[in-house]
Amino acid sequence: MDMEVSRIWRDPELWVKALPSVILQTTCFLAPLVMTFILTFQKTQNFQLNWTWNLATWTDVFTKPHYWTILGHTLFMALACVVVCIVIAFPIAYGLATRFRAYDSEIKVLITFAFITDATLKTFGWVLFLDKKGAANYLFAHLGLPQETVAFLFSDWATLLGMVYNLLPFAIFTIYLSIDNIERSLILAAYDAGASKFRAFWEVTLPLSRPGIWAGSVLIFLLGVGVFLEPKVLGGGKSPMSAELIRQTFETRVNWPLGAALTLVLMVVAIFVVLLFSRVAGMRKAGA
Amino acid sequence: MNHRFESALANVILYGSMAAGLVFFYVPIFTLIAFSFQEGRFLTLPFDGISLKWYGALFQSGPALNALWNSTLIAVVATFVATIVGTMAAIVAVRYCFKGKRAFQGLAGAPLAFPQLLLGIVLLLWFSVLGRWFGFNTGIVTAIIGHVVYIAPFVMVIVAVQVYNFDPVLEDAARDCGATTWEVYRHVTIPLLWPGIFSAAIFAFLLSWGNFYITYSLAGSTRTIPTFIFSGIAVGSSPLYPAIATVVFIPGILLVILANRFRIRAAAA
Chain X
1 MDMEVSRIWR DPELWVKALP SVILQTTCFL APLVMTFILT FQKTQNFQLN
51 WTWNLATWTD VFTKPHYWTI LGHTLFMALA CVVVCIVIAF PIAYGLATRF
101 RAYDSEIKVL ITFAFITDAT LKTFGWVLFL DKKGAANYLF AHLGLPQETV
151 AFLFSDWATL LGMVYNLLPF AIFTIYLSID NIERSLILAA YDAGASKFRA
201 FWEVTLPLSR PGIWAGSVLI FLLGVGVFLE PKVLGGGKSP MSAELIRQTF
251 ETRVNWPLGA ALTLVLMVVA IFVVLLFSRV AGMRKAGA
Chain C
289 MNHRFESALA NVILYGSMAA GLVFFYVPIF TLIAFSFQEG RFLTLPFDGI
339 SLKWYGALFQ SGPALNALWN STLIAVVATF VATIVGTMAA IVAVRYCFKG
389 KRAFQGLAGA PLAFPQLLLG IVLLLWFSVL GRWFGFNTGI VTAIIGHVVY
439 IAPFVMVIVA VQVYNFDPVL EDAARDCGAT TWEVYRHVTI PLLWPGIFSA
489 AIFAFLLSWG NFYITYSLAG STRTIPTFIF SGIAVGSSPL YPAIATVVFI
539 PGILLVILAN RFRIRAAAA
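So the protein sequences, as listed, match chains X and C.
Sequential numbering from 1 applies to the first sequence in the working numbering.
Sequential numbering from 289 applies to the second sequence in the working numbering.
Please keep in mind that the hints were generated in silico from the structure rather than gathered at the bench.
Incorrect hints may have been included.
As the list claims (entries may be wrong) - Listed next, the in silico DSBU-like pairs over lysine-lysine satisfying Cα-Cα at most 30 Å (straight line): (1) X/K132 x C/K341; (2) C/K341 x X/K133; (3) X/K64 x X/K197; (4) X/K133 x X/K238; (5) X/K17 x C/K341; (6) X/K43 x X/K17; (7) C/K389 x X/K17; (8) X/K197 x X/K108; (9) X/K132 x X/K43.
All of these numbers come straight from a predicted model, not from anything done at the bench.
Bound conformation, chain X alone (with noise of 0.2 Å):
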């Protein structure tokens, strides 16, 4: 069945309702992005953001190797956020769509509160459950493990599980729905061909799942780089990331310029790194 009608763009029901998108998304995300791009190119003087035309900032960021150390600290942390969300997500998101069908919608609804509850009071949560005196220790004690089993706090691992708690739905979401559409008849082909369960997995689901493995890891990536509640919170603020040190630029420098010039640079680097996994990925699928 053919679902799009067509229609052409000089239909005046197309603009009414393309329109309030169209303005919302240029004027309040385009533009600010292009202005950012502009401010880049001015200075800062006594804290006041001054219209002189110069490269002074970005001869700054490409000389202060500062910078890409934190950079690279975050993609770091962003790669391995994505690596453990789909580690962990591929056999939720599997069993949802496979094993739990009585309890499909209450699991649903489990995940989804957890995912849009508000992020700080997750994350202020762990804070107490993984505190010196926190409720981790306080129930290790109660079975009988030495005192403060768990003192990770304000560590990159505390970081990295914060982000893979908050992140973590995103791949749920993605792979169960691919799984979701695999068509049933393909795996029982491959069972009737004398595939075992392992074989038929292996060969037919895993290779029909990879859309939403790799939707799910984009997702997570992108916004793994941006991540500044985790690192400053159940961090401590130890080892920065780019976000937080895009935060001090503006609030506590208040070096506007700058703060664009690391805003677009880590975005940009995010969007390459993107690139450059979906180039080898396309690559190895054209080798094989």
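Given the structure of chain X, go ahead and fit chain C onto it with the hints provided.
Just chain C now, with coordinates in the frame of chain X:
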């Protein structure tokens, strides 16, 4: 490998990871709920006693109630606008064929994959520069605009699924019977899309209600629940904050259940 062993292993992995996943998701949530009943002043275990006194303190705390009111106001207005904008965008993105459709989908959905803190900062720069030219400050209005930019794409995606499953022949039939464009919308399109629109609106409301990053950048001196909590995150703070969290969870879970009902009804239609 033998067949039964394979099945058993698969079941152990799948049931086990689901159970572990759900526990993982609810660890911080239940920790907060537990700490809200702490009688003493400090957020450490063991508790001094169990009491509801911090809930009483919460309902007498001016800043907390004010933050709750601001969150709700921003979320209601932002949801209303974003639902209209996002629904229309969903219809355009699925039902029309035109040059530049890809560009439209990309533009209307772009903020979905943009880190929120950076979106907030980029918008803060924009409003600060515009504010200096036209003489306004950031506050509730700029926060609402920021929220709309962020949640309208979510509405678009959720409603688009519904539009995709809906047969355009129904609209054509109504039109053939002499209905005007408005009547077709009023009596056919909107009623059929309603469950999807409603669950998208609930989702949008919750995303806006619990939004930290954009509010943090754009709300000026206005405090909402997330920014209020952020200012109090520390083990040294009082059980007032876990109490706020618990109060916020109740409408949250109820709305998610309601949205799920609508989603199931939408799928059945």
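For each hint, the structure was consulted:
1. X/K132 x C/K341: With Cα atoms ~25 Å apart, X/K132 and C/K341 stay inside 30 Å; holds.
2. C/K341 x X/K133: holds (22 Å)
3. X/K64 x X/K197: This hinted pair is violated, its Cα atoms lying about 54 Å apart.
4. X/K133 x X/K238: holds (20 Å)
5. X/K17 x C/K341: violated (51 Å)
6. X/K43 x X/K17: Outside the cut-off at roughly 41 Å; violated.
7. C/K389 x X/K17: holds (13 Å)
8. X/K197 x X/K108: holds (26 Å)
9. X/K132 x X/K43: Since the Cα atoms of X/K132 and X/K43 sit roughly 46 Å apart, the hinted pair is violated (cutoff 30 Å).
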